[in-house]
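Q: If you want the building blocks of each chain, they are given just below.
There are 2 protein chains.
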Amino acid sequence: MAELQVVVLAGGVGAARFLGGLVETKGNDSDITVISNTADDIRLFGLQVCPDLDSVMYGLGGVESSDRGWGRENETFNTLEELRAYKAEPEWFQLGDRDIATHLIRTQMLDAGYSLSQVTQALCKRWEIPATLIPMTNERVETHVVVDDPETDHVKAIHFQEWWVRYRASLPAREFLTIGADVAKPAPGVLGAIGSADVIILPPSNPVVSINPILNVPGIRQALRLANAPIVGVSPIIGGEVVRGMADKCLAAINVAATASGIAAYYGPRSGDGLLDAWIVDELDETSVKEISQLGIKTVATKTLMSEPGVSKKLAETVLELANQVTKAKDA
Amino acid sequence: MAELQVVVLAGGVGAARFLGGLVETKGNDSDITVISNTADDIRLFGLQVCPDLDSVMYGLGGVESSDRGWGRENETFNTLEELRAYKAEPEWFQLGDRDIATHLIRTQMLDAGYSLSQVTQALCKRWEIPATLIPMTNERVETHVVVDDPETDHVKAIHFQEWWVRYRASLPAREFLTIGADVAKPAPGVLGAIGSADVIILPPSNPVVSINPILNVPGIRQALRLANAPIVGVSPIIGGEVVRGMADKCLAAINVAATASGIAAYYGPRSGDGLLDAWIVDELDETSVKEISQLGIKTVATKTLMSEPGVSKKLAETVLELANQVTKAKDA
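As you go down the protein sequences, you meet chains A and B in turn.
So that you can map any letter, position 112 of the first sequence is 111 in numbering that gives the first Met the number 0, and since no number is skipped, the others follow by simple counting.
So that you can map any letter, position 290 of the second sequence is 289 in numbering that gives the first Met the number 0, and since no number is skipped, the others follow by simple counting.
The set of hints was computed from the structure by calculation and includes no laboratory data.
Check before you lean on any hint, since a few could be wrong.
As the list makes no split between identical chains, a pair holds if one copy fits it or if it spans any two.
To be verified - List time: in silico DSBU-like cross-link candidates among lysine-lysine, alpha-carbon distance up to 35 angstroms:
1) 155 x 124
2) 86 x 312
3) 86 x 184
4) 302 x 155
5) 313 x 329
6) 184 x 25
7) 329 x 124
8) 25 x 86
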């Protein structure tokens with residue numbers, strides 16, 4: 000039997016947890032390609048930091064910090080302590096000592112002329128991750144957030160990381176700009192993976208700052224729309240609340256309700272001009288199933304809180320089963 | 000009373016220890032300028048590492064590892080462990096996590112266009128060191144060692160650090176090349192400090208790879224020869240042996256005897272075409288005093304093993320006293 004070709008569009012920790020379940024479910028019977036958001040990448044202290052790529056790499060490598068939700072387990076922060084003692088800017092970002100090795104190698108390779116795709120492949124080699132991890136693009140694309148500067152009250156755009164980490168998303172966002180996306184190209188392998196996929200998954204990542212930047216790279220949204228594979232999404236909302244606490248701030252900025260149905264409508268039905276063939280909502284949001292189904296999106300409710308044991312595997316099974324149903328219905 | 004203007008040409012740990020004693024002796028009654036060798040600098044893992052500048056900075060900052068002889072005390076090596084797990088080259092160099100913060104800031108500032116002088120000043124600010132630390136030059140100058148490649152037997156030049164750290168100086172050195180020195184300029188402040196000095200000191204650093212590269216920067220040797228101040232050197236030999244074990248390999252390569260008199264003759268008497276007005280040998284090498292004095296270099300023997308408590312302070316006092324005698328004799 001041919002391997003199932005699975006494509007996952009990924010943000011950070013939510014995607015990493017979902018991928019853990021997907022790998023557990025499929026064993027060696029699938030060929031998983033992860034297309035990672037890179038718009039939250041940032042160069043700090045001279046290091047090129049790629050939070051979402053690393054969340055997936057460390058997550059699938061089994062060395063992520065599950066407490067922190069980013070970076071490595073068994074981590075120390077001695078370099079950071081020294082950077083702060085030197086008063087190096089910015090003072091609001093954290094980097095662990097083990098994690099810094101990844102950024103050093105990445106930065107050195109990028110500066111030597113390797114593409115981010117090549118660097119990612121080189122880094123992943125060590126972790127022997129059971130998936131192909133590729134960046135959405137090799138060009139520099141960064142999410143900036145338009146806010147009222149708390150010091151001057153003037154409108155200005157700040158890097159997403161500054162908004163997210165320094166201000167804990169507390170400054171009202173007027174707008175999210177995916178800087179550089181208009182002239183970016185999908186990284187090698189991105190369009191091919193989408194085109195030959197059997198299933199395409201939008202895991203429970205932040206729709207505005209994790210998934211949307213991927214869709215903003217010219218060619219990717221169109222490739223998804225044209226793909227043969229069904230597109231199945233998982234709602235990042237549980238019982239009307241965002242799981243990790245700040246995605247609602249992003250949704251508010253673009254006037255999208257932070258609800259299972261609000262986000263489903265934001266992605267839109269594939270039968271219209273959107274992306275979703277199917278959508279999974281949390282069991283606590285079961286009341287929204289009917290409303291979402293009426294948009295033309297096949298919707299089911301199940302347990303989605305992946306910090307509970309066994310849930311991510313079960314969730315991945317549900318996604319694949321739902322994809323299978325969509326494919327069969329289309330073929331019928 | 001005007002402050003005594005002291006200039007010290009510095010290598011790494013030997014110079015740092017001597018400087019500790021000098022500071023202890025002089026308190027606030029002197030203005031110390033340290034001109035540091037930078038020819039053992041190397042870019043590794045994308046980081047600009049300046050071993051001699053850092054040895055002096057950490058030494059005078061009171062945070063050097065006295066056990067190791069390089070890097071920071073209370074150090075961890077987690078980034079390094081990860082770099083090795085990624086099989087990052089080179090595998091023979093060590094960097095501590097705290098130390099990496101220094102290299103990150105330096106590299107970022109250099110890449111942003113600041114000079115090494117400016118970077119060094121910025122880094123030293125934190126440590127409030129009781130001296131002005133300046134690099135010998137802001138240009139890239141590197142000591143390379145000509146050896147027979149142990150794998151191919153062909154002659155090749157390798158970076159000093161590779162020869163020193165990877166091969167523990169065990170490959171016979173055919174020659175030392177100070178690459179880039181011919182077109183380098185002394186860093187701002189170097190010639191001025193030498194010109195206005197009251198005392199100039201060559202501490203017990205490696206003459207071949209620490210002091211000689213400084214002398215090879217065009218203009219520096221001449222400035223020393225023309226300076227009003229007496230030049231006093233301290234022998235790095237104790238009882239006919241090099242203190243830290245490998246400087247003899249460097250001396251052998253240039254056919255200089257690894258003895259107190261051999262090195263004195265290598266620097267040469269100022270009354271000839273050399274540099275030394277005075278020279279301090281270890282008490283164990285007292286028998287060489289007469290021979291060296293006959294070269295026209297005022298020579299005394301005293302305790303020089305600075306790992307013993309109180310010795311570096313006493314040694315600094317002896318150096319300053321000897322300088323004073325030379326000055327008085329000249330004025331008489």
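Q: Tell me the numbers of any earlier hints that the structure contravenes, in ascending order.
A: 4, 7
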